[in-house]
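Novice: These are the residues of each chain, in order.
Number of protein chains: 4
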Amino acid sequence: MKPVCLVIGAGAGIGGNVGRRFAAGGYHAVLCRRSDEEGLQQLVAGIEAAGGSASGYLLNAIEPGSIEERVAAIEEELGPIEVVVYNLGAQIGDRALADTSYKAFEMGWQLGTFGLFRIASAVCPKMVQRGKGVILVTSATAAVRGNAGQHSHAAAMGGRRMLCQTLNAEFARKGIHVAHVLVDGMVDAPDTLGKMLGAESFQQLRGQRGGAQDGLMLPAQMAETYYHVAHQHRSAWTHELDLRAYSDLAWWNH
Amino acid sequence: MKPVCLVIGAGAGIGGNVGRRFAAGGYHAVLCRRSDEEGLQQLVAGIEAAGGSASGYLLNAIEPGSIEERVAAIEEELGPIEVVVYNLGAQIGDRALADTSYKAFEMGWQLGTFGLFRIASAVCPKMVQRGKGVILVTSATAAVRGNAGQHSHAAAMGGRRMLCQTLNAEFARKGIHVAHVLVDGMVDAPDTLGKMLGAESFQQLRGQRGGAQDGLMLPAQMAETYYHVAHQHRSAWTHELDLRAYSDLAWWNH
Amino acid sequence: MKPVCLVIGAGAGIGGNVGRRFAAGGYHAVLCRRSDEEGLQQLVAGIEAAGGSASGYLLNAIEPGSIEERVAAIEEELGPIEVVVYNLGAQIGDRALADTSYKAFEMGWQLGTFGLFRIASAVCPKMVQRGKGVILVTSATAAVRGNAGQHSHAAAMGGRRMLCQTLNAEFARKGIHVAHVLVDGMVDAPDTLGKMLGAESFQQLRGQRGGAQDGLMLPAQMAETYYHVAHQHRSAWTHELDLRAYSDLAWWNH
Amino acid sequence: MKPVCLVIGAGAGIGGNVGRRFAAGGYHAVLCRRSDEEGLQQLVAGIEAAGGSASGYLLNAIEPGSIEERVAAIEEELGPIEVVVYNLGAQIGDRALADTSYKAFEMGWQLGTFGLFRIASAVCPKMVQRGKGVILVTSATAAVRGNAGQHSHAAAMGGRRMLCQTLNAEFARKGIHVAHVLVDGMVDAPDTLGKMLGAESFQQLRGQRGGAQDGLMLPAQMAETYYHVAHQHRSAWTHELDLRAYSDLAWWNH
Numbered sequence: 001m002k003p004v005c006l007v008i009g010a011g012a013g014i015g016g017n018v019g020r021r022f023a024a025g026g027y028h029a030v031l032c033r034r035s036d037e038e039g040l041q042q043l044v045a046g047i048e049a050a051g052g053s054a055s056g057y058l059l060n061a062i063e064p065g066s067i068e069e070r071v072a073a074i075e076e077e078l079g080p081i082e083v084v085v086y087n088l089g090a091q092i093g094d095r096a097l098a099d100t101s102y103k104a105f106e107m108g109w110q111l112g113t114f115g116l117f118r119i120a121s122a123v124c125p126k127m128v129q130r131g132k133g134v135i136l137v138t139s140a141t142a143a144v145r146g147n148a149g150q151h152s153h154a155a156a157m158g159g160r161r162m163l164c165q166t167l168n169a170e171f172a173r174k175g176i177h178v179a180h181v182l183v184d185g186m187v188d189a190p191d192t193l194g195k196m197l198g199a200e201s202f203q204q205l206r207g208q209r210g211g212a213q214d215g216l217m218l219p220a221q222m223a224e225t226y227y228h229v230a231h232q233h234r235s236a237w238t239h240e241l242d243l244r245a246y247s248d249l250a251w252w253n254h
Numbered sequence: 001m002k003p004v005c006l007v008i009g010a011g012a013g014i015g016g017n018v019g020r021r022f023a024a025g026g027y028h029a030v031l032c033r034r035s036d037e038e039g040l041q042q043l044v045a046g047i048e049a050a051g052g053s054a055s056g057y058l059l060n061a062i063e064p065g066s067i068e069e070r071v072a073a074i075e076e077e078l079g080p081i082e083v084v085v086y087n088l089g090a091q092i093g094d095r096a097l098a099d100t101s102y103k104a105f106e107m108g109w110q111l112g113t114f115g116l117f118r119i120a121s122a123v124c125p126k127m128v129q130r131g132k133g134v135i136l137v138t139s140a141t142a143a144v145r146g147n148a149g150q151h152s153h154a155a156a157m158g159g160r161r162m163l164c165q166t167l168n169a170e171f172a173r174k175g176i177h178v179a180h181v182l183v184d185g186m187v188d189a190p191d192t193l194g195k196m197l198g199a200e201s202f203q204q205l206r207g208q209r210g211g212a213q214d215g216l217m218l219p220a221q222m223a224e225t226y227y228h229v230a231h232q233h234r235s236a237w238t239h240e241l242d243l244r245a246y247s248d249l250a251w252w253n254h
Numbered sequence: 001m002k003p004v005c006l007v008i009g010a011g012a013g014i015g016g017n018v019g020r021r022f023a024a025g026g027y028h029a030v031l032c033r034r035s036d037e038e039g040l041q042q043l044v045a046g047i048e049a050a051g052g053s054a055s056g057y058l059l060n061a062i063e064p065g066s067i068e069e070r071v072a073a074i075e076e077e078l079g080p081i082e083v084v085v086y087n088l089g090a091q092i093g094d095r096a097l098a099d100t101s102y103k104a105f106e107m108g109w110q111l112g113t114f115g116l117f118r119i120a121s122a123v124c125p126k127m128v129q130r131g132k133g134v135i136l137v138t139s140a141t142a143a144v145r146g147n148a149g150q151h152s153h154a155a156a157m158g159g160r161r162m163l164c165q166t167l168n169a170e171f172a173r174k175g176i177h178v179a180h181v182l183v184d185g186m187v188d189a190p191d192t193l194g195k196m197l198g199a200e201s202f203q204q205l206r207g208q209r210g211g212a213q214d215g216l217m218l219p220a221q222m223a224e225t226y227y228h229v230a231h232q233h234r235s236a237w238t239h240e241l242d243l244r245a246y247s248d249l250a251w252w253n254h
Numbered sequence: 001m002k003p004v005c006l007v008i009g010a011g012a013g014i015g016g017n018v019g020r021r022f023a024a025g026g027y028h029a030v031l032c033r034r035s036d037e038e039g040l041q042q043l044v045a046g047i048e049a050a051g052g053s054a055s056g057y058l059l060n061a062i063e064p065g066s067i068e069e070r071v072a073a074i075e076e077e078l079g080p081i082e083v084v085v086y087n088l089g090a091q092i093g094d095r096a097l098a099d100t101s102y103k104a105f106e107m108g109w110q111l112g113t114f115g116l117f118r119i120a121s122a123v124c125p126k127m128v129q130r131g132k133g134v135i136l137v138t139s140a141t142a143a144v145r146g147n148a149g150q151h152s153h154a155a156a157m158g159g160r161r162m163l164c165q166t167l168n169a170e171f172a173r174k175g176i177h178v179a180h181v182l183v184d185g186m187v188d189a190p191d192t193l194g195k196m197l198g199a200e201s202f203q204q205l206r207g208q209r210g211g212a213q214d215g216l217m218l219p220a221q222m223a224e225t226y227y228h229v230a231h232q233h234r235s236a237w238t239h240e241l242d243l244r245a246y247s248d249l250a251w252w253n254h
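Chains as they are written, first to last, in the numbering used here: chain S, 1 to 254; chain V, 1 to 254; chain F, 1 to 254; chain Y, 1 to 254.
It is worth saying that the hints were derived from the structure and are not from the lab.
Among the clues, some could well be false.
Just so you know, same-sequence chains aren't split out, so a pair can sit in one copy or run between any two.
What the hints assert, rightly or not - Only pairs whose alpha carbons sit at most 20 Å apart, straight line, appear in this in silico EDC-like list of lysine to aspartate or glutamate:
#: 1; residue 1: Lys103; residue 2: Glu68
#: 2; residue 1: Lys174; residue 2: Asp94
#: 3; residue 1: Lys2; residue 2: Glu200
#: 4; residue 1: Lys174; residue 2: Asp99
#: 5; residue 1: Lys103; residue 2: Glu63
#: 6; residue 1: Lys132; residue 2: Glu76
#: 7; residue 1: Lys174; residue 2: Asp184
#: 8; residue 1: Lys126; residue 2: Asp99
#: 9; residue 1: Lys103; residue 2: Glu69
#: 10; residue 1: Lys174; residue 2: Glu82
#: 11; residue 1: Lys174; residue 2: Asp191
#: 12; residue 1: Lys2; residue 2: Glu75
#: 13; residue 1: Lys126; residue 2: Glu68
#: 14; residue 1: Lys126; residue 2: Glu76
Go ahead and model the full structure; you've got the sequences and the hints to work with.
Specialist: And the structure:
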């Protein structure tokens with residue numbers, strides 16, 4: 001039975017590519033996303049076509065019980081979850097405070113912070129019993145600095161980062177490796193950046209950035225680092241790292 | 001008509017003392033706390049006995065509309081809120097993940113992050129119209145590092161800090177000064193530290209720490225810095241500062 | 001006998017104004033700067049004309065023994081140094097690595113880091129004996145992030161900031177208060193910014209920035225915060241704070 | 001001709017193991033250390049016995065010209081330096097300010113900060129011409145917080161970290177990848193930790209820490225991450241990461 005890598009937030013960007021990378025490394029990838037059954041099945045089919053093993057589920061992370069039930073079902077039906085990739089974003093674009101509803105602010109927290117708490121609550125007891133486990137958390141520069149219009153997103157990501165630290169403080173000694181991956185740049189991801197910009201602007205940007213060869217962050221390449229971190233020897237774990245394209249400025253140099 | 005200083009979280013520690021300091025400086029202090037009507041009235045009476053002006057309200061910040069309605073009533077009945085002191089804590093002591101309920105985690109966010117978002121949403125439009133305003137936010141080292149057992153608190157404070165930054169990024173140019181005050185130590189506050197430790201341990205600690213002269217942080221002294229920051233010239237604002245007793249170690253030196 | 005406030009780096013900007021503020025508060029201000037005897041005597045005369053007490057010395061901080069001898073002479077002739085303001089900058093403008101000589105890099109360290117180590121070595125034993133003392137260190141955003149062309153400056157300021165922390169870790173308990181003041185913006189200072197930009201550009205900038213009323217940081221206003229921090233009660237010291245004009249962006253929002 | 005990986009500070013700990021890892025990956029490893037010709041030759045012989053390619057040089061990094069001449073000689077005799085591993089430590093143990101001589105403080109800067117500046121000045125022009133290069137910098141938690149007695153070390157490492165950022169800001173776009181590796185824990189390294197503790201205490205510690213299997217950081221395992229970072233695709237570079245044993249506390253949790 002293959003170990004399971006569970007990806008929460010598996011679109012065609014980071015999530016899907018990380019799932020594919022773990023499948024290539026011998027894991028059964030479980031891909032979860034909120035919508036687009038067709039896109040989901042394409043991801044699964046792509047992995048299987050490459051000789052890997054995967055399943056896909058639509059999952060609305062906001063819905064009470066959704067994450068918890070999926071975890072329980074996987075553990076029962078597919079086997080131990082060895083790696084969780086928590087990849088739900090909470091970026092809603094820049095909005096003035098007056099244009100940020102209470103609901104939007106709470107939604108940011110639901111996806112950005114609470115969802116991570118929920119999945120950690122669900123998987124950590126099992127990982128502790130097994131003496132091992134990995135939780136990789138995609139994050140953003142909004143976790144370390146708040147820009148204008150980012151009220152909901154930055155508050156959510158700031159909470160996410162601190163939660164990664166408290167999880168490590170409790171669980172590292174028990175064999176669970178939590179890593180906070182600070183993505184500092186635009187990812188070549190049609191399902192997120194592409195939708196935010198619109199198809200035309202997205203293609204234009206890809207053109208300017210050198211055919212997406214390097215200017216945008218390539219999710220298949222990012223996935224290599226996710227995979228590496230998940231397989232570090234426990235005497236030398238990385239708990240926080242950044243990822244940024246060579247051609248981009250660090251967030252503090254803009 | 002005196003300018004109003006609104007304190008959310010006005011116990012006998014930081015909140016009450018900051019209110020007293022602003023009252024001494026010519027403000028009308030509006031003190032809000034969740035419970036203990038008697039303690040609240042003692043604070044108000046103490047300020048008035050010293051020649052100051054104050055009012056007190058019980059306010060449950062979790063309750064929808066509570067903060068918003070209080071702000072509206074103050075602006076109508078008492079005058080412009082020039083200073084907000086957001087002093088609600090979210091510390092619930094160290095709890096393992098398994099002992100941190102979803103409800104406790106959400107409560108941390110309600111008090112630690114969302115409440116600040118709500119009061120900012122309520123007062124910022126008015127402050128922008130007036131071209132000035134101050135929001136002083138009491139915070140904790142949990143905003144910058146997550147310790148074991150602090151899942152709820154650290155996630156809440158990490159969000160609080162990022163929110164302070166996004167508020168500044170939008171509103172500093174419009175004359176609103178948001179300051180994040182990172183309290184790194186134990187405060188000589190019977191209503192919070194005292195209740196967490198219990199009366200006996202609290203008095204014992206005060207004894208060990210030199211009669212509370214210096215070892216614990218004295219809230220009346222902390223209030224001087226809150227007052228100073230609120231009155232900095234707008235060409236030289238402080239947005240983040242720490243406060244710590246001389247006898248204590250910085251959080252990174254423990 | 002008045003307590004002494006020793007300012008290392010006392011031009012017409014932060015240093016001179018902080019000296020003036022402390023003189024107004026009852027200190028004897030000792031102003032030291034590398035050159036411009038005339039400007040120095042004007043600062044002294046201005047303080048005396050306002051009823052304060054001051055002396056001025058030309059001091060080349062790079063020269064071995066210069067700082068140490070000045071400290072010894074002050075302690076013997078003028079009395080105990082209660083406050084040190086270490087205000088030497090090390091900004092040389094943006095220079096590519098290829099244009100940054102070893103000498104320039106070392107000079108940055110001499111002024112930015114080593115000079116602070118030297119003055120701390122000279123005054124801390126005396127302050128420890130007296131059980132009190134304050135060291136206020138002007139610093140820059142280069143202490144927390146490195147921008148292009150800032151090789152010498154950022155390395156120097158990064159060292160300065162860590163040194164402030166190690167000094168606090170050793171001396172806070174002995175009554176010495178070290179504060180790292182992170183100046184995040186352009187200061188309305190003819191001797192530094194004025195010289196770097198040239199007289200004409202400097203006046204133009206002051207014009208654009210609203211007659212230097214608010215856009216540039218006004219050093220006389222900054223001095224109020226230096227003075228406040230130096231007089232905080234020891235139960236509530238600030239060890240790090242930023243200063244920025246309301247109209248400016250935080251370094252991470254650019 | 002094999003690409004060259006130049007290790008400055010190649011003892012039996014991180015430096016030697018990183019050299020060995022790159023040699024295993026097809027590089028010619030050039031190992032430089034200040035003393036112990038015998039230990040150096042053992043490292044070289046070990047690499048060659050494993051089928052790799054290496055050379056060793058004694059190099060006193062403090063000596064003017066030492067680094068620069070070695071770089072020039074390598075480029076002429078061995079080929080292009082593709083990877084630099086700057087692994088010189090500057091830890092001298094905890095010393096009170098009064099026990100930290102000017103010379104010790106300057107030595108910290110020479111090894112911790114200036115040496116990196118010098119090697120960057122030597123290799124960056126060549127790497128820019130070739131459009132690629134990697135500089136991996138071993139660093140310590142002293143780069144981000146100053147503990148008591150760490151005056152020299154923390155000032156040196158604080159400068160080192162900021163210098164990594166300014167190097168990235170100038171050179172990332174030109175294809176040079178600079179990574180700051182924050183080592184947060186004790187490394188199982190006889191040449192550094194072993195010498196600092198003494199042979200007996202070192203063996204005792206290894207015993208307590210589980211036969212050095214996991215409690216101490218294993219340099220051969222750390223080397224895997226150095227190697228990974230050096231080979232990240234340029235669309236997804238890591239510029240800062242920490243390494244810590246699973247059994248250890250993060251520096252902020254102590």
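Novice: Next, verify each hint and record whether it holds.
Specialist: Hints, verified against the model:
When the C-alpha separation of Lys103 and Glu68 is checked against a cutoff of 20 Å, the pair qualifies only between copies, where the shortest distance is 15 Å, while the shortest distance within a copy is 23 Å. For the homomeric pair Lys174 and Asp94, the shortest alpha-carbon distance between copies (18 Å) is at most 20 Å, but the shortest distance inside one copy (40 Å) is not. Neither within a single protomer nor between protomers do Lys2 and Glu200 lie at most 20 Å apart by alpha-carbon distance, with minima of 41 Å and 45 Å respectively. Only between protomers do Lys174 and Asp99 lie at most 20 Å apart by alpha-carbon distance; the minimum there is 17 Å, versus 44 Å within a single protomer.
In this assembly of identical chains, the alpha carbons of Lys103 and Glu63 lie at most 20 Å apart whether taken from the same copy (14 Å) or from different copies (15 Å). In this assembly of identical chains, the alpha carbons of Lys132 and Glu76 lie at most 20 Å apart only when taken from the same copy (18 Å versus 49 Å across copies). Only between protomers do Lys174 and Asp184 lie at most 20 Å apart by alpha-carbon distance; the minimum there is 18 Å, versus 30 Å within a single protomer. In this homomeric assembly, Lys126 and Asp99 come within 20 Å of each other (Cα to Cα) only across copies, at 15 Å, whereas the closest approach inside a single copy is 42 Å.
Taking the shortest alpha-carbon separations for Lys103 and Glu69, only the inter-copy value of 18 Å comes in at or below 20 Å, while the best intra-copy value is 25 Å. In this assembly of identical chains, the alpha carbons of Lys174 and Glu82 lie at most 20 Å apart only when taken from the same copy (14 Å versus 39 Å across copies). Proximity of Lys174 to Asp191 under the C-alpha cut-off of 20 Å is found in neither arrangement, the shortest distances being 36 Å within a copy and 30 Å between copies. In the homo-oligomer, the alpha carbons of Lys2 and Glu75 lie at most 20 Å apart inside one protomer (12 Å), although the nearest pairing across protomers, at 48 Å, exceeds that limit.
In this homomeric assembly, Lys126 and Glu68 come within 20 Å of each other (Cα to Cα) only inside a single copy, at 12 Å, whereas the closest approach across copies is 43 Å. Taking CA atoms no more than 20 Å apart as the test, Lys126 paired with Glu76 passes inside one copy only; the shortest distance there is 12 Å, against 55 Å between copies.
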